[in-house]
Amino acid sequence: MKTDSGEQRRAFFRRDFSLPVRLVLFATPEMSNITGDRDIPVTMVNISAGGTCVEVRSASPAVEIVSSGSIVDISLALAERPLPLRVLGKIVRINKTGEGALMLGIEFILLSRDEADRIAKLVASHVGQTESDGDR
Amino acid sequence: MESPLTIAGDVSVRTGNVCASSDVIIEGDVRSGMTVESPGSVIVRGTAENCAITAAGDIRIQEGVLGRGEAHIRAGANIEVGHVQSAMLEAEGSVRIGSSAMQATILSGKTVVFEGQGVLIGGLVVAKDGVYAKQAGHKGVEVWDNKKGRHKRVVEKTRVQLGLHPKTRMAYNESLASLRDAEEMASLAAKNALYLIDAGVEGISEQAMQEMQFILKLPASSALVSSLGAEAAAKTNVRLRSLIAEMALALPSPSNDSQIKDSKLRELCLQLYHLFVGNGYVAEHFAKTQGILDSPQNNLEAAFEVTELIFSGVEITLGFTELLVENKMAGAQFTLQDGKIVAQPLDDVAEES
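Chains as they are written, first to last, in the numbering used here: chain A, 1 to 136; chain B, 1 to 353.
With the rest of the complex left out, here is chain A (with noise of 0.2 Å):
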């Protein structure tokens, strides 16, 4: 996978916690038809309004084909309705940790008014650390 350490671009307040998230490999800017398991096992580090923060522990064969500017397909399991909030996102940042682990930085790029309302009431009642915002 190719990484890249782009500075941190946050338009939207972002709050740190963990939801249920399953996180699919849609394109890469190199191959638009991803063919077989196309599964990135991930965990939320932060959400915004604009975007999510997802920590990859574990490989995959998406892991190894993943790269900034690819498009991943994002469900969230909210508790109101019994489909998953579903969301087209790209990857614009890609850092490695120090335990090994991936840290993706993921802009939502496609998002309807309503799924963004979505998104923003569960950023703004979720009670958890906090960090404000940059501008752009």
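You may find that some hints are simply not true.
If you want a taste of the chain A side facing chain B, the calculated C-beta under 8 Å gives, among others [unchecked claim]:
id : residue
1  : F26
2  : P82
3  : R86
4  : L88
5  : L110
Residues of chain B clear of chain A, computed beta-carbon distances all greater than 12 Å [stated by the list, open to error]:
id : residue
6  : C19
7  : N50
8  : T54
9  : G76
10 : D145
11 : S178
12 : Q210
13 : I215
14 : V225
15 : R239
16 : R241
17 : M247
18 : P254
19 : Q271
20 : A303
21 : E308
Hint data in this document are derived by calculation from the structure and do not stem from the laboratory. Glycine included, each C-beta is placed from N, C-alpha and C at the ideal position.
Fit chain B to the supplied structure of chain A, relying on the hints for placement.
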């Protein structure tokens, strides 16, 4: 097994909650807010109020349950109660009601049998193998209708659902609700995408546009899976994914949508993605509901038998077929015959047997 734990009076704040390692016998009542748990059976000589009683074996509540909408009685085997009102009874085995059930939820892996008065009024009964009562439903109550300036009769629905284990019924209902949501999502997205294409979107090749229009005009939702088959429907969605991927890779960051053409392209991509997601969920939940429909575990020979009187407003589901009783009728046995619910007078049933 250990000898039973006997509580001489009520289970209340004076005794505290009961979490036993043996059978439990309670000589009095189980009062509001209390819990009783046993790995064996539980016998309550008095009544159960809005409390929780859980047992791996049988539960018998001699007087009855007055749950105020909050009592939950859950047995790994059978439940027997004098009467029940505004409570949930949940048994892997059978449920026997001594006289009446009013506004209760009764779930049974086998049968629900009403004895004595045998009256079932309001609420929901879900049983795999059958429900046997003397009277079902209620004549209703007269209330004043301000709009029409006269009295009207309000009848509370009594729902009886047979043929599936309650947990299977719940899974089916959930899957069906998800299927409907997904169908709505896919159908709306296809309509919106076609509208956007008709209005004109720049930056898409002629070939991609033709492919999109072909996919968008396919029958929506589960009709797509039914008409094309699951494999062909999945292939169509794979092609849709490729089209979305090509567009998504070219999209700038949302905050850089400085030109109207970028916003239009993003909106079209979003609608195609919603169609892709909707189609995926439709396929998943269509398969789930079909699996439950075709399961050999279902008992489509289950019967709802009412020996005396059935009031209008009783809603009967046998397997996956529904019938609303619209007029008061004499006792009958309801069974599923050739995909329809048939009410057979009990004299005829007796003669046949």
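Okay, the hints, checked on the actual structure:
{"no.": "1", "hint": "F26", "verdict": "holds, 6 Å"}
{"no.": "2", "hint": "P82", "verdict": "holds, 5 Å"}
{"no.": "3", "hint": "R86", "verdict": "holds, 5 Å"}
{"no.": "4", "hint": "L88", "verdict": "holds, 5 Å"}
{"no.": "5", "hint": "L110", "verdict": "holds, 5 Å"}
{"no.": "6", "hint": "C19", "verdict": "holds, 29 Å"}
{"no.": "7", "hint": "N50", "verdict": "holds, 25 Å"}
{"no.": "8", "hint": "T54", "verdict": "holds, 25 Å"}
{"no.": "9", "hint": "G76", "verdict": "holds, 28 Å"}
{"no.": "10", "hint": "D145", "verdict": "holds, 35 Å"}
{"no.": "11", "hint": "S178", "verdict": "violated, 5 Å"}
{"no.": "12", "hint": "Q210", "verdict": "holds, 18 Å"}
{"no.": "13", "hint": "I215", "verdict": "holds, 15 Å"}
{"no.": "14", "hint": "V225", "verdict": "holds, 17 Å"}
{"no.": "15", "hint": "R239", "verdict": "violated, 9 Å"}
{"no.": "16", "hint": "R241", "verdict": "violated, 7 Å"}
{"no.": "17", "hint": "M247", "verdict": "violated, 9 Å"}
{"no.": "18", "hint": "P254", "verdict": "violated, 6 Å"}
{"no.": "19", "hint": "Q271", "verdict": "violated, 9 Å"}
{"no.": "20", "hint": "A303", "verdict": "holds, 32 Å"}
{"no.": "21", "hint": "E308", "verdict": "holds, 40 Å"}
Violation of the numbered hints given earlier is confined to hints 11, 15, 16, 17, 18 and 19; the remaining hints are satisfied by the structure.
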